[in-house]
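**Student:** Input sequences plus hints: build the corresponding full structure.
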Amino acid sequence: MQQQMTGARMVVQALKDQGVEVVFGYPGGAVLPIYDEIFQQNDIRHILVRHEQGAVHMAEGYARSTGKPGVVLVTSGPGATNAVTGLTDALMDSIPLVVLTGQVPTFMIGTDGFQEADTVGITRPCTKHNWLVKDTDRLAETLHQAFHIAKAGRPGPVLIDIPKDVQFATGTYAGPKQARLSHYQPQVKGDIDAITRLVELIEQAERPVFYTGGGVINSGPGASQLLCELADATGFPVTSTLMGLGAYPASGKGWLGMLGMHGLYEANLAMHGCDLMINLGARFDDRITGRIADFSPRSIKAHVDIDPSSINKVVRVDLPIVGDIGHVLEDLLKVWKARGRKVNREGLAKWWSQIEQWKLKNCLAYKGSTTTIKPQYALERLEALTSGHDRYVTTEVGQHQMWAAQFLRFEAPNRWMTSGGLGTMGYGLPASIGVQIAHPEALVINVAGEASWLMNMQEMGTAIQFRAPVKQFILNNERLGMVRQWQQLLHGGRYSQSWSESLPDFVKLAEAFGCKGIRCSDPALLDDAIAEMLDHDGPVIFDCLVEKHENCYPMIPSGKAHNDMLMGDAGVEGAIQAGGAVLV
Amino acid sequence: MSALNIKQGSTSHSAYELRDPHAETVETHTLAVMVDNEAGVLARVIGLFSGRGYNIDSLTVAEVDHKGHRSRITVVTRGTPGVIEQIKAQLGRLVPVHEVHDLTVEGPAVERELALFKVAGTGEKRVEALRLADIFRANVVDSTLESFVFEITGTVEKIDAFADLMRPLGLIDVARTGVAALARGI
Ligand SMILES: Cc1ncc(C[n+]2csc(CCOP(=O)(O)OP(=O)(O)O)c2C)c(N)n1
Ligand SMILES: [Mg+2]
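Residue numbers (the numbering used here), protein chains in the order written: chain A, 1 to 584; chain B, 1001 to 1186.
Warning: the hint list may mix true and false statements.
Sample of chain B residues lacking proximity to chain A, with all beta carbon distances greater than 10 Å (derived) [unchecked claim]:
hint, residue
1, Asp1057
2, Val1105
3, Thr1144
Below are the EDC-like pairs computed for lysine to aspartate or glutamate, each with C-alpha atoms no more than 20 Å apart in a straight line [said to hold, decoys possible]:
hint, chain 1, residue 1, chain 2, residue 2
4, A, Lys359, A, Glu206
5, A, Lys350, A, Glu203
6, A, Lys134, B, Asp1036
7, B, Lys1125, B, Glu1151
8, B, Lys1125, B, Asp1164
9, A, Lys516, A, Asp528
10, B, Lys1088, A, Asp307
11, A, Lys134, B, Glu1038
12, A, Lys374, A, Asp522
13, B, Lys1067, A, Asp137
14, A, Lys342, A, Asp193
15, A, Lys177, A, Glu141
Just so you know, these hints were derived from the structure itself, not from any lab. C-beta: ideal position from N, C-alpha, C; glycine also.
**Tutor:** The following block contains the structure:
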């Protein structure tokens, strides 16, 4: 299919040919020709956001919950710069996005024209790749390549900067099939000798653990299925990073819970004490490893990752396998089965009895209350009342995020959307809208902190305009809780600027936006209030007033080892030493 | 004790900070990076080095295949073996990068740099400069009654040595191209 058309029409045509159904965007002078084309068609739905950062997070929520790339359209200058936080967030968490920005006409580039910014320069370090298209004849091919690169290998955000004259000019459009194939074709099959070596290790290991990450989810639902099959058939325990929750079901018999800084005691100790660590699509992030020198000191480490640069970046591993998790797991299972499905039963039995001992610690235990709502209790009730639903959860960033990861249980991939690598406050509300747009019938809940939620609260307008019945479940401690916790543990209880004074009345705010507001401060009324939220057919802002000075435990303080966790009942003041205080 | 039949001691230190400056010695490597000659590709490579805190000792870039739109970037960099591996992996995942060759480890390679030296002086010093240039096979590409511009090609070490000799003889300006390198043989 080769046709003459304007650049603006090409954009819409390419999106259609790529199977795009939704675009999250915000218009402005430099993208008006594209908006004109959007007006004249009905195949692609445009979601008008309230701030470009919101558009990018919505696209992230859409992408993470569907496995398809999210698409964003914004104008030049401030439109593009407002997208930068979302781009960085998507790059850190490997979320496929295609972001289109308008640019001043080519003949004005470099003149400091109105709303000119060096968008490709600014976004070069926060995209997987980006392009400035100066010729309408190159536009179609660039658009198709952009989708390929966003999805291929380790996914990520890409950006195309399109000057206004390129949008107006006429050129030749070619469909995705005609587009020149990019040389960018990351290796998906793992080296079979290395896989066989891993099988040998699996057959002998006494104290194995699967350490799984977002890569399993990015590899597609098939990879999660293979992980379950392998973990259940071998009887090996499974822990996951924040980004990987749901790849292995929380009800699975091997499930240890999340690991890392606020991970479960049994998960962290299993990592510390294992003799075989099988890292599947995780990247030894500092929130996971704690002090590197003491990280799992006696284990043999295997690492499967599609990105060769993730291997040996932070922790040197013994057995690297570059490849797509799904492909590698498939081969791994084949080889393991062909060799007789062997595991070290005796060793494993001892290992599990050790793990059961650790579980007895009941590390998530907290002191209950009949007068105030404990944030943990709120999440336990939310879990109990929503686990039967077709449920998707997003979060903001802070204590509530960690409690949500600890107390909510995920049975399937793509159901948990959170800002892991960048830790972006303001992610959750727009992300929840993006998820809801992709899954109109599902229950979508954003577990939020009041401070994070305010960062992008303007997007409630988007939720209402597009009838996205997202539930904003705000654990309101009137504090920048996570900051306050660190100040308590590290800075002598000097709570410098971590108190959210002058908070809005969230119920009135809901009314002002035109949605339902619910407030609850009494644990006895909480279940009914949650039920009311779930019953309401439309967006809800739920102001859940919780204990203000609750801390999130377990906690591995920065600079400590996995077996050096702070627990809820410990005397914790001054628990972090000067060396740890310099770390973030 | 583990039943895993991996050599004793081979894994007990498998987890350590690669960037610990005391853990390993710093090496100098010459990398040849084949890239698409497209806008911004050099900025991408340089941005990678600055963004991740890697060193660049020298960098050259030019189109080497006009029809194929291919450029060759030669980077001389320093780091521990772990960091060098990271640099190669990070370069390799840039979209316009086709190949990354580590000429320092992939077998013998030739490395050359071209430099221009302006040396001003009269009398004995001027004669001495000319004499040394001859020994170094440097060409005179410009001369006035008070100055020469020498052109010299060679290894980085040779050019450094020539610069050291010219300094007391009136060296006033230097332009160096950075290293170009190719593997030997076919
Ligand atoms: C954009 C941004 N700014 C600052 C931070 C640092 N930060 C991390 S958690 C946090 C407090 C979050 O408060 P809230 O949303 O109320 O959550 P809580 O910890 O109270 O549950 C802050 C300021 C961040 N992660 N993101
Ligand atoms: Mg708070």
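**Student:** Take the hints in turn and mark each one as holding or not.
**Tutor:** The hints, checked one at a time:
Non-interface call for Asp1057 of chain B relative to chain A: holds, since the shortest CB-CB distance, roughly 22 Å, exceeds 10 Å. The Cβ of Val1105 of chain B sits about 16 Å from the closest Cβ of chain A, beyond the 10 Å cut-off, so the non-interface label holds. Listed as outside the interface, Thr1144 of chain B is consistent with that label: its C-beta sits roughly 39 Å from the nearest C-beta of chain A, beyond the 10 Å cut-off. Taken as a hint, the Lys359 of chain A and Glu206 of chain A pair is honoured in the structure, with Cα atoms around 19 Å apart against an allowance of 20 Å.
Under the criterion of a C-alpha separation no larger than 20 Å, the hint pairing Lys350 of chain A with Glu203 of chain A is consistent with the structure, at around 15 Å. Pair hint Lys134 of chain A plus Asp1036 of chain B holds up; C-alpha atoms about 17 Å apart against a cutoff of 20 Å. Our distance criterion of 20 Å between C-alpha atoms is met by Lys1125 of chain B and Glu1151 of chain B, whose separation comes to about 18 Å. In summary, the hint linking Lys1125 of chain B to Asp1164 of chain B is supported, as the alpha carbons are separated by about 14 Å, within the 20 Å threshold.
At roughly 15 Å between alpha-carbon atoms, Lys516 of chain A and Asp528 of chain A fall within 20 Å of each other, so this suggested pair holds. A hinted pair counts as satisfied when its Cα atoms are at most 20 Å apart, and Lys1088 of chain B with Asp307 of chain A qualifies at roughly 12 Å. For a cut-off of 20 Å, the pair hint linking Lys134 of chain A to Glu1038 of chain B stands: about 12 Å separates their Cα positions. Annotation: proposed proximity of Lys374 of chain A to Asp522 of chain A holds, straight-line Cα distance about 10 Å (limit 20 Å).
Pair hint Lys1067 of chain B plus Asp137 of chain A holds up; C-alpha atoms about 19 Å apart against a cutoff of 20 Å. Taking the CA atoms of Lys342 of chain A and Asp193 of chain A, the gap is near 18 Å; set against the 20 Å cutoff, the hint holds. The suggested pairing of Lys177 of chain A with Glu141 of chain A holds, with an alpha-carbon distance near 10 Å, which does not exceed 20 Å.
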